[in-house]
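Peer 1: One letter stands for each residue in the lines below.
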Amino acid sequence: MEEVKEQKKAASKPKSEVVISIKGLKKSFGKKHVLTDINLEVHRGENVVVLGRSGQGKSVTIQCIVGLLVPDSGSLKVFGDEVAQMNDNELKGLRMKIGFLFQSGALFDSMTVRENLEFPLTRILKLKNQHEIDERVNEVLEGVGLVDAVDKLPSDLSGGMRKRIGLARTLIIKPEIMLYDEPTTGLDPITSREISELILDMQKKYKTTSIIITHDMECARITSDRVVIMNDGKYIAEGTFGSLHKSNNEIAKEFFKDIS
Amino acid sequence: MAEQELELTGWRKWLASIGDQCVFFTRFLRNIFTGGFEWSEFVRQCYEIGYRSMMLVGITSFIMGAVLILQLRPSMVQFGQEGMLPKTLAVSLIREIGPVITALICAGKIASGIGAELGSMKVTEQIDAMEVAGANPIQYLVVTRILAVTFMVPLLTIIGDVIGLIGGFLALNFTDSVSYSLYFNKVVASIDYSDFLPAFVKTIFFGFAIGFVGCYKGFNSNRGTESVGIAANSAVVTASLWVFVIDALSVQLTSILFYR
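Chain order of the listed sequences is A and B.
Be aware that the first sequence starts at 11, since it is given in the numbering used here, and climbs by one per residue.
Be aware that the second sequence starts at 3, since it is given in the numbering used here, and climbs by one per residue.
These are calculated hints, taken from the structure and not from any lab test.
Check before you lean on any hint, since a few could be wrong.
[Claimed, not checked] A short, non-exhaustive set of chain B residues, derived as facing chain A with CB atoms under 8 angstroms: (1) G38; (2) E127; (3) E133; (4) P139.
Even for Gly, the Cβ is constructed at its ideal location relative to N, Cα and C.
Please work from the sequences and hints to get the whole structure.
Peer 2: The structure is reproduced here in structure tokens:
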């Protein structure tokens, strides 16, 4: 397959510190080679959208970044440190700086919204002052517009509300990096757009660096500074949303064909 | 780590499963003593597992005690030994029937519940989210549940035994007139520590096996809704089998230690 590297029009921005650096990353499950050669650099404050068909290993990449999966080979550095070589304490330290929004929201079913939000505060940040905890809970709930849901159980929330609470739970520790795993999957177009705009608002408010995995082109258009396209376990094209829209790459064309 | 299984078949898969269970057991043991104990979750699990199973254990034990008396009585009357009914019931209930019936009920209710709960948490990425949120899932989910079951099954068995004896007393009074004090004096006089102690010790092992199997099956279920049902079903079958295996071993051991 022809590999295309689009000129980065986003490169007109001054280059800032590289916070995530991936070189030659490989990961297999049994005989299935999911990641064959991943190379990516993400700069501070940048929103990178990863597009790709299902089962191409997009989620595996971000699970490697947060240390949920260990790559087979290659280098994956976050803030200059190799993730695979971190011990448990170093990994905990890294996770204090990374927020991960799971595809399903991954809210803890047995806990109320408040308990879900308090969980990372008491576990990662080890906060004990209830007044400070309450302030942070209210702040993020106001941010996602769901203050009234604080005492509800996840089973009482709609899909969009779950995603918002999931986003609030990741933002509550004020992470420097946000990893979004298909944040708009399964939502109607209006709610998807609201979530995409919320991601952008939160990125501006908390000045996070983000990797957003999505199939939703509207979400990609709204949130991306840069888009990379993944196929057969590697990134085959990258550029701004606009530049990839005009790209001659066959796979990029497939993704952008319904975009006017 | 959310690693997927290697593609193994036949005896290799069986050996890998044994090894996996040993690793899981080691992780459980290590996490009891390191990194702080999750007391609030342990107490919550004791309530969920113990208190919520009490009604089922109570009703079953009551019926079991009554049925045993009703079944035994004609034969005992035939031999003129109806005076032995309290002793026969007490010994059979406390030594064997009480612990085994309680353990089987717990295997059905608790092991399947834990298997399904942890399985669905795995499927909906809640276990990964817990790890990313700074909690140790083994410590929070597995250690608390296994210890809670290990602690509650012996207590449930004692409660079940007492209720079974009450059931026997009421059944005996359908046909005969036996005073409360005579019945319970005969019961207390007929049992000694060699009846109670081995039975109590084996219930601790029953509890551990039920908790361990439930947690292992749930924690290691595959990603997919179907696997939740498989985990729950497999947990019940395996835990029930372990109850009989432990019972057979304990009978042998008790015979050697007490009845030679």
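Peer 1: Checking against the hints above, which ones are violated?
Peer 2: 1, 4
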